[in-house]
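Visitor: Chains C and F, in that order, give the protein sequences.
The first sequence begins at 472 in my numbering and counts up by one.
The second sequence begins at 107 in my numbering and counts up by one.
These aren't lab readings, by the way, just hints derived from the structure by calculation.
All residues carry an ideal CB built from backbone N, CA and C; glycine is no exception.
None of the hints are false.
FRET-style restraints, in silico, Cβ to Cβ:
1. 597/C with 117/F: 45 to 53 Å
2. 228/F with 714/C: 37 to 45 Å
3. 136/F with 684/C: 39 to 47 Å
4. 733/C with 144/F: 40 to 48 Å
5. 724/C with 245/F: 21 to 29 Å
6. 745/C with 118/F: 47 to 55 Å
7. 714/C with 148/F: 32 to 40 Å
8. 733/C with 118/F: 51 to 59 Å
9. 159/F with 651/C: 25 to 33 Å
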Amino acid sequence: MRKILDYHAPAAPIDALRISQSSTKARFLAGGSYLSREKTLECTLIDLKNCGLAHISEANGNLRIGAMSTITDLLLHPASSGPGKAFLQALSSTGHAIVRNQITIGGSIAGMLPWFNLAAPLMVLDASLLVLESSGETTISFRSFVANKPREYLKNRLILALNIPLVSDRELCFSRLSLTEVDFAPMFAAASISREGETVKAAYVAVSGCLPGPVMISGASELIGKKLSRSEAETVGQAALHELQGKIISANPNFPPAYLEEVLPVVVADCLYGGAN
Amino acid sequence: MKKNLKLQINGTWKEFSIEPGTLLLDLLRTAGYQGVKDGCREGECGACTVHIDGRPINSCTLFALQADGRSITTIEGLGNPDHPHPIQEAFVETGAVQCGFCIPGKIMSVKALLDRNPDPDEHQIREALSGNLCRCTGYVKQIEAVKLAARRIREKKGDHHE
Ligand SMILES: Cc1cc2nc3c(=O)[nH]c(=O)nc-3n(C[C@H](O)[C@H](O)[C@H](O)COP(=O)(O)OP(=O)(O)OC[C@H]3O[C@@H](n4cnc5c(N)ncnc54)[C@H](O)[C@@H]3O)c2cc1C
Ligand code: FES
Ligand code: FES
Chain C
472 MRKILDYHAP
482 AAPIDALRIS
492 QSSTKARFLA
502 GGSYLSREKT
512 LECTLIDLKN
522 CGLAHISEAN
532 GNLRIGAMST
542 ITDLLLHPAS
552 SGPGKAFLQA
562 LSSTGHAIVR
572 NQITIGGSIA
582 GMLPWFNLAA
592 PLMVLDASLL
602 VLESSGETTI
612 SFRSFVANKP
622 REYLKNRLIL
632 ALNIPLVSDR
642 ELCFSRLSLT
652 EVDFAPMFAA
662 ASISREGETV
672 KAAYVAVSGC
682 LPGPVMISGA
692 SELIGKKLSR
702 SEAETVGQAA
712 LHELQGKIIS
722 ANPNFPPAYL
732 EEVLPVVVAD
742 CLYGGAN
Chain F
107 MKKNLKLQIN
117 GTWKEFSIEP
127 GTLLLDLLRT
137 AGYQGVKDGC
147 REGECGACTV
157 HIDGRPINSC
167 TLFALQADGR
177 SITTIEGLGN
187 PDHPHPIQEA
197 FVETGAVQCG
207 FCIPGKIMSV
217 KALLDRNPDP
227 DEHQIREALS
237 GNLCRCTGYV
247 KQIEAVKLAA
257 RRIREKKGDH
267 HE
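The shape of chain C in the complex, shown without the other chains (with noise of 0.2 Å):
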């Protein structure tokens, strides 16, 4: 039986952090779309919607995302297509068309569910956070924040805003496995690729969906130097199977571990290659 104790929603976020600590049961409020279907649930709310955390912004070449902005905010915004084409692909392929209205980017890292598509893209475009803490703002990496356990990390912090580092010469991939495209994806892939020419100058490819948190493939780098092929996509995916092979898990039975262990390669190599060629 949910127990709501107490709600507050301050006007700033130092406001809200100050809250947050002094209950043990507090919990940030964003979108609420996970929140208000916790049965469970016993805490007092702090609904950050005054907290001034909505915002898009382009600005000394990042994209600057306000944590309480909405997965459709994202969407309806010009600035949104500068991680690439890709990045709008991920937005859109979020849930269905009622929910992305509501959801938002600081409650979908926050609870880092294995079916948050822009974990994988987050991961290759070297996205950070803006965070607050009690000695003030801070800045993680997106990477480092996965290593660090999120819930852990948000223990007495509270997420700011997202920032994408716009790069000219990087093209941004994005493929996801799913039966119809409403589905929860249980695999995710993303893959970034800057070049000189033909020849491939850096690779970076993530997985995310079937694993405990979205995981860089250290195989991409082997791309470095050659010109990007089917065939050397696919050895990248063949990579990926054997740096996770044993780890993947999966509790969608339309998808056991075994079948996503088979189809990992191809999802990588055609994210590498569909994706970019």
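Chain C is fixed; fit chain F with the ligands onto it per the hints.
Guide: Showing chain F with the ligands alone in chain C's frame:
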């Protein structure tokens, strides 16, 4: 500990005193807006869809206090049997309604779609309705209904493209 909130529902400001855990769906239905349907309560089916400041939202996954001070439109704010909205008329005329349970939520999503895109193609209609499930109709007639409603609304506004 009860909390007060004000909502503008279908154009009229109303005040409520509620438990902070009350969902918008339950507040609206208790206040008499029974056109807002109680389906899955998980954000999956869209039967409870209302507009908040013009955008469709699942009222079952929103704490009512999140909507404090905002403008809410329910199906009752669109039309009634004596004065139906063109979208409601089109759904009935094309035979797009069977049991009817999904229809209020669906019509709210269609209204938001046609407000921003008066001439959507089939893909755009399917995408806009991706959060509204129907157990009865197979969707084909509903897509026809949206196209008919769109044409009627455009014609009413004097825009004769077709
Ligand atoms: C039907 C349905 C389908 C969905 N499909 C998808 C999908 O395909 N892909 C996808 O990515 N998501 C999907 N989601 C959304 C996802 O499951 C979560 O519900 C959502 O990401 C939570 O975001 P929110 O803004 O609603 O957060 P809330 O529910 O408000 O909060 C979630 C958590 O984050 C914490 N939090 C919120 N904001 C902050 C902050 N600024 N700093 C620190 N902590 C914070 C909260 O305390 C809470 O623990 C779906 C949701 C539904 C209901
Ligand atoms: S009752 Fe709200 S989405 Fe199903
Ligand atoms: S008409 Fe019965 S659920 Fe849609």
